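*Asks:* Residues per chain are reported as follows:
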Amino acid sequence: MSVSLASHRAGQRASAARPRPRRKFSWFKYLSVVPVLVFFVGLIAFPVGQLIWMSFGDIRLVAGDLSWRFVGLDNFERALNDDAFARSIWNSVVFIVATVVLTVVLGVALALFTNRLVRAKTWLQNILIWPAIIAPVVISVVWLLVLSPQIGLLNKMLESVGLSGQAWLGEPVGAMVSIIIVDVWHWTPIVFLFVYTALQGIDSSILEAASMDGASGAKTSRYIVLPLLMPAILGVAAIRLVMGVKAFDEMYLLTFGGPGDATTVVSIYLRTVFFEAFQYGYGAALSVSIVLLVVVTIVVSFIFQRLIGRRSRG
Amino acid sequence: MADTVRRRAPFSSITALVLAGAIAATVVPLLWMVVVAFQQPRSIVTPGWNIDLSLENFLQVFSPGQIYGTQVVNSVILVVAATGICLIASIFAAYSLSQLNWPRRVVIGVLAAAALLQVIPPMTLVPGLFGTLTTLNLNGSLLGLILLNVVFNLPFAMIMLKFAFDALPTELRESASIDGASDFGAFRRVMLPLAAPGIAAVAIYTAIQVWNEFLFGLVFTTGGAQAPITVGIATLIQPQEIKFGGMAAIGVVTAVPIIILAIAANRQIVAGLMGGAVKG
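Protein chains in written order, with the working numbering: chain C, 1 to 314; chain Z, 1 to 280.
Because the hints were derived from the structure by calculation, they are not lab data.
Since the model is a prediction, treat every value here as computed from it, not as a measurement.
Just to be clear, a hint being listed does not mean it is correct.
[To be verified] Have a look at the derived ranges for each label pair, beta carbon to beta carbon:
hint : chain 1 : residue 1 : chain 2 : residue 2 : range
1    : Z       : Gly185    : C       : Ala45     : 28 to 34 Å
2    : C       : Ile298    : Z       : Leu31     : 25 to 31 Å
3    : Z       : Val80     : C       : Phe70     : 53 to 59 Å
4    : Z       : Val45     : C       : Phe278    : 44 to 50 Å
5    : Z       : Leu59     : C       : Trp90     : 27 to 33 Å
6    : C       : Gly214    : Z       : Glu171    : 49 to 55 Å
7    : C       : Thr197    : Z       : Glu171    : 43 to 49 Å
8    : Z       : Ile51     : C       : Gly49     : 41 to 47 Å
9    : Z       : Gln238    : C       : Phe278    : 39 to 45 Å
10   : C       : Ile298    : Z       : Ile51     : 32 to 38 Å
11   : C       : Arg87     : Z       : Asn50     : 31 to 37 Å
12   : C       : Trp90     : Z       : Gly69     : 40 to 46 Å
No residue lacks a Cβ here, since even glycine has one placed at the ideal position from N, Cα and C.
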């Protein structure tokens, strides 16, 4: 059977003329969701259940088998008093605040400037998104080659103009600054892309009206374009925030959380607890705490946003 | 729009300067990796600027005795299998949720759960997944890695494809079924071809995500012959001795296919990134 446009029209006419056929039980409807359901139950729901179960236990690996002993809330109590965990949360907060603010500011600026181009816009956009699609591992390699004290591009450039090279990743503040720079380089393109796309959707007649009323380019950007872009900017800022919580690859490869614990963010700390200290129960409890923290933050900010929205509407 | 822009903000030297700077900041670090990859290992570590041309790093890293060639093959298998399974599962589920009269409450519940999964840091699920994979005896195998990549790309693929199917007119499916097509027939012959552009965008995006994935590869393989190439690169970054040349060579091999894809399929990638940045 082939369904052409003609038979589609015929079908429409027919369906207008006679009552719709009674809906039969559709095997297809239910069978279609089975694969996804199997995956979700098997590899999300079951592991999450196991995670929660593990978080209430003291778990040891005995002869290749996990032995579990119920310890109640001990693991969570320990998490509350764990200075290293607190430090990793603090590092994550510093990293997230810095990278979200910087990527959003740079991304918006880049979008506004690109939009001023008369031609070559698509060409430019094509190149500017490269960092966002290259593997984080490769991004780490790229920046190791730039930041390395011995062979790095940055120090070579500094030395050619007579300045002395820096240790960059080798010192605590330098390491945090470096991974922030790497993350900003990596993800500014995402902000750029969102804001740039939103810009294309702004009705040009609004801008024409503004320029007829005598507004300068800068004023139009500040008072007309930016407010119109706000929803896109806030949306992409939220996305960047979530990405910041998930960050792992670059720290693992560039600094391994160091020097000391200077760049140990939550994901790095979790890996250490789980795969180096082999404290499965405690690691699970930390995981549960982090997920709860993320979910609570989202729910609270959602409610907050609703409240503000309601108040401003009056 | 181009006309009004020209009148409103004449192409200024500041714009040119800023954009040239942005392009340079994007391209120069990448070019440096390419330059390092094609240098003699010896001239990489000598101070100052010694630029020469040599294939030695590539030959060394991909010589028969090395494991990196196998890992590139693993990555390709991983991409093909995980993207394929993820697409098939999500296409059916998205179509069913979009077109086959599920109660609104069910649809919203599924989408909310899928969106929530995007927000959870993957590392936090590792302890639970570790237990599950051990139970299933899949720990350390490529199959286990394929399944994990499928499941963590499913939510996004399903949400995006649901929207793709939502954009199609329901009447088309209804008229097809009036013409005697089964639910499956209407899906396969009418709706699936119409959703092809959306499916292509999701496919390319998922493939890039799987190719780039590192965390699961790192913790669920032992880093040897079962590992993807992203984990292979990591093994070259040793605290004592970083093998800059080999690292850069594998970096080039890993990045170049993605950049070629970016140039060839720019529109699909942009569509995928716009919807999928949630995934990070």
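*Asks:* Hint by hint, say whether it matches the structure.
*Replies:* Verification of the supplied hints:
1. Gly185/Z / Ala45/C: 28 to 34 Å: With a Cβ separation near 33 Å, Gly185/Z and Ala45/C satisfy 28 to 34 Å, so the hint holds.
2. Ile298/C / Leu31/Z: 25 to 31 Å: Violated - the Cβ-Cβ distance for Ile298/C and Leu31/Z, about 40 Å, lies outside 25 to 31 Å.
3. Val80/Z / Phe70/C: 53 to 59 Å: Once the Cβ atoms are compared, 44 Å apart, the range 53 to 59 Å for Phe70/C and Val80/Z is violated.
4. Val45/Z / Phe278/C: 44 to 50 Å: About 37 Å separates the Cβ atoms of Val45/Z and Phe278/C, which means 44 to 50 Å is violated.
5. Leu59/Z / Trp90/C: 27 to 33 Å: violated, 46 Å
6. Gly214/C / Glu171/Z: 49 to 55 Å: Given range 49 to 55 Å: holds, Cβ gap about 50 Å.
7. Thr197/C / Glu171/Z: 43 to 49 Å: With Cβ atoms ~30 Å apart, the hint is violated.
8. Ile51/Z / Gly49/C: 41 to 47 Å: Check failed, 57 Å falls outside 41 to 47 Å.
9. Gln238/Z / Phe278/C: 39 to 45 Å: About 22 Å separates the Cβ atoms of Gln238/Z and Phe278/C, which means 39 to 45 Å is violated.
10. Ile298/C / Ile51/Z: 32 to 38 Å: For Ile51/Z against Ile298/C, whose Cβ atoms are near 50 Å apart, the range 32 to 38 Å is violated.
11. Arg87/C / Asn50/Z: 31 to 37 Å: violated, 42 Å
12. Trp90/C / Gly69/Z: 40 to 46 Å: holds, 43 Å
Against the hints set out earlier in the document, violations occur for numbers 2, 3, 4, 5, 7, 8, 9, 10 and 11.
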